[in-house]
Amino acid sequence: MKKKTWFGLWCLLLSIMVAGCSGGSGSTAEPGKTSGEEPDQPAAADAVELSFWYGWTGPEAEALEKLIAKWNEAHPEIQVKGLSQSDYQKQLTAITGGNPPDVASQFGQNVVPWGLRGAMMPLDDYIAKDGVDLDDFVPAALSTSQHEGATYAIPTAMHVSMLFYNKDILKEAGYDGPPETLGELKEYIQALSIVEDGGRLSRLGLWPGMDAYTFSYAYGGSFYDEAAKQVTPDHEGIQSAIKLSKEIWDQYGSDNLDRFSSGLGQYMSAQNPFFSGKYAMTVDGEWLPTFIKQFAPDLNYGIAPIPYDENHPERKNPGNVTTSVFYIPKGAKHPDASWAFIKWMTEPEQMAEFTAAIGNLPTRTSAFASPLYENVPGFKEFLDYSASENLKSFPATSFTNEYMTEFSAQVDAILRGTVSIEEGLANVKEKIQPLVK
Amino acid sequence: MNASAPVHSPRPKARWSRKERRYFWLGLAFASPWIVGFLAFTVYPFFGSLYLSLTEYDLFSTPRWVGLQNYENILQDDRFYTSLGNTFFMAFVSVPITLAASLLIAVVLNFKARGINYYRTIFYLPSVIPIVASALLWTWMLNPDFGLVNMALRAFGLPDPAWLLDPRYTKPSLILMSLWGSGAGALIFLAALQGVPKQYYEAAQVDGAGAWHRFWKITLPALSPIILFQLIMGLIGAFQIFTESYILAGGKADGGSLGGPEQSLLFYAVNLYQEAFVFLKMGYASALAWILFIIVLLMTLLLLKTSGRWVYYGGE
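These protein sequences, in sequence, are chains A and B. Once you know that position 361 of the first sequence is 361 in full-length UniProt numbering, the rest is easy, because the numbers rise by one and skip nothing. Once you know that position 314 of the second sequence is 314 in full-length UniProt numbering, the rest is easy, because the numbers rise by one and skip nothing.
Just chain A, same shape as in the assembly:
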């Protein structure tokens, strides 16, 4: 009898410990709670409850919660509970542990690596059944979610970079407008940079370690040859882009550039080097005009297309697209309901409301015309640019992350002169090609 008592006690203790653990993680602050539990809400008794993990925080999360509340009101049978969860690793462990959220957000570059490994549910049957018009999506954005005909997620927001220029500095140097071609860009950078005695930089035309992807596409570069199943980091266009960076880099040297860049202010502050005039030009995304309005409202700046290769005018308006997506994790309990929510969230109206609130670009062309974007600074230029046919995105494959990591490591080494351009890019190929399946 006594033994049993002890055993019972022990079980009790264990169950308390386990309950304590799960209680701890369950009680994390949930912004969605308030909206989901208002008494006047007609949540049906047998309502399906969906958990929705998203990576946005702060004001961006609030914007998303507003949409969730809207959905909950209109759909008493499917109640969504949002959870701001910026630690994406938790999604991995939840899916592996067999207890995933019903809907989650993710970075576009992780979609195909996760999707091919079976962590994301393919959505093609749903898309076909509900007749979602995939042609409405920006092709470069959609392609981040697709691989060999399967669609693993729906891109809900995208980023693309353009050229920002300081009108005052350009005028001072005698330029009426921004550089239009890559040749002009080089000239501008030379003319706009100021080197003081002893090589110290006090102003740069453009930071030479600029986005290698955007400029590779500007030179017509391609990272993967689908037909030949070959990775092509040594593609002529990519080489040209890195050569451009390298030329500017070498002109000033690693020491001066490190020193200069280390003295630059925080990105999200009035001391952002572009805001404070330390960069005459910068290549940055659609969020920058909002920051400028917030931190440097007096800055006299313009937004221009990324300069194109003068020998290839057909490659005008190039760009590199990255996305944020919604997906259904493997093992989600109510996939039909999850899909219904994702479909609704990515309809042009909701997409416009969300992306306008967080200052991201929409991925559907039919959302471009939404009046909601009128008040977002810089969006006129960026929405126009989003319609460009020369937007590309990094090829979505099972090894996208390895490829991008290795590529940026080698570009860093190339710029710093540890390896030559040929060597560096050959290193990438040697390392990544074996991963092609």
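What the hints contain is simulated information worked out from the structure, not anything from laboratory work. Hints may contain errors.
[Unchecked claim] Restricting the straight-line Cα-Cα distance to at most 20 Å, the calculated cross-link-like pairs of lysine to aspartate or glutamate (DMTMM-like) are:
| hint | chain 1 | residue 1 | chain 2 | residue 2 |
| --- | --- | --- | --- | --- |
| 1 | A | Lys66 | A | Glu77 |
| 2 | A | Lys70 | A | Glu347 |
| 3 | A | Lys186 | A | Glu247 |
| 4 | A | Lys186 | A | Glu172 |
| 5 | A | Lys246 | A | Glu423 |
| 6 | A | Lys243 | B | Glu262 |
| 7 | A | Lys429 | B | Glu262 |
| 8 | A | Lys429 | B | Asp78 |
| 9 | A | Lys246 | B | Glu262 |
| 10 | A | Lys429 | B | Asp77 |
| 11 | A | Lys330 | A | Asp124 |
| 12 | A | Lys81 | A | Asp46 |
| 13 | A | Lys243 | A | Glu310 |
| 14 | A | Lys186 | A | Asp176 |
| 15 | A | Lys246 | A | Glu184 |
| 16 | B | Lys171 | A | Asp255 |
| 17 | A | Lys293 | A | Glu60 |
| 18 | A | Lys437 | B | Glu56 |
| 19 | A | Lys333 | A | Glu77 |
| 20 | A | Lys380 | A | Glu180 |
Could you slot chain B onto chain A? The hints should help.
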């Protein structure tokens, strides 16, 4: 088990008495939370990772047996060698420097000066601050233009490097940071210092030994077991260094740019993390973990083995 030892007779009995059995189960019941935790969270993952290291496993599909393939691939991986080199640097440069600094601080703090307790507290304080917070703090201290460190260097007309941006200075930056936290080690040394019997010093002084000789011949040997302990703990810590690099080298949620300029902060654990959670190569990462385990094991054994020559235990 010691508590129940007297109950046992030296000869194994065929059966325990009722009372003995009860005590046995009772003891086991009390120890069971730990036993269960140890089996579930230490033993199982330990052997689980050994198995996984022989497979290709991406978290989502079932592991596929590949034998020693992962280990072979690791030996041909540049990133493995880069990360190993960076980690060895921290282990063999940073650890001894920090250890020496701790010892120095402890010796100074051992003086009976006025308000010594306040000084002791001040030196220990940095250890209370979480690594993430102190790493963020140091990014400001080490800012090449506005940072306190470079302001001081410039005041003396010394060169002011671009600490965290220049690949030559990123690791020295981390050493500087760990020096700031050496108060924790100093506290342990201090406790040991106060345990050194006064008679030794008195006897030495009578024999005319100077301060340096007293330190070299008495203090150091008396502290040697503690030095060995701190050295081993320091090395193990250095081999697992992760947070500082993750924070300072701009770790992003998407795992974008780990490792810092020219991969100079790509430490073993950072590389392992990236392989596991960014590239989803759990098998490969498990193999990396086992290699790390073996390196640390060998290092510790080597230290323990050679310690007989320089570690002095008072009792012997």
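Now for the hints, and whether the structure bears them out:
| no. | hint | in the structure |
| --- | --- | --- |
| 1 | A:Lys66 <-> A:Glu77 | 18 Å, holds |
| 2 | A:Lys70 <-> A:Glu347 | 14 Å, holds |
| 3 | A:Lys186 <-> A:Glu247 | 9 Å, holds |
| 4 | A:Lys186 <-> A:Glu172 | 18 Å, holds |
| 5 | A:Lys246 <-> A:Glu423 | 14 Å, holds |
| 6 | A:Lys243 <-> B:Glu262 | 18 Å, holds |
| 7 | A:Lys429 <-> B:Glu262 | 18 Å, holds |
| 8 | A:Lys429 <-> B:Asp78 | 13 Å, holds |
| 9 | A:Lys246 <-> B:Glu262 | 15 Å, holds |
| 10 | A:Lys429 <-> B:Asp77 | 14 Å, holds |
| 11 | A:Lys330 <-> A:Asp124 | 15 Å, holds |
| 12 | A:Lys81 <-> A:Asp46 | 16 Å, holds |
| 13 | A:Lys243 <-> A:Glu310 | 16 Å, holds |
| 14 | A:Lys186 <-> A:Asp176 | 16 Å, holds |
| 15 | A:Lys246 <-> A:Glu184 | 17 Å, holds |
| 16 | B:Lys171 <-> A:Asp255 | 17 Å, holds |
| 17 | A:Lys293 <-> A:Glu60 | 17 Å, holds |
| 18 | A:Lys437 <-> B:Glu56 | 14 Å, holds |
| 19 | A:Lys333 <-> A:Glu77 | 15 Å, holds |
| 20 | A:Lys380 <-> A:Glu180 | 19 Å, holds |
Violation of the numbered hints given earlier is absent; every hint is satisfied by the structure.
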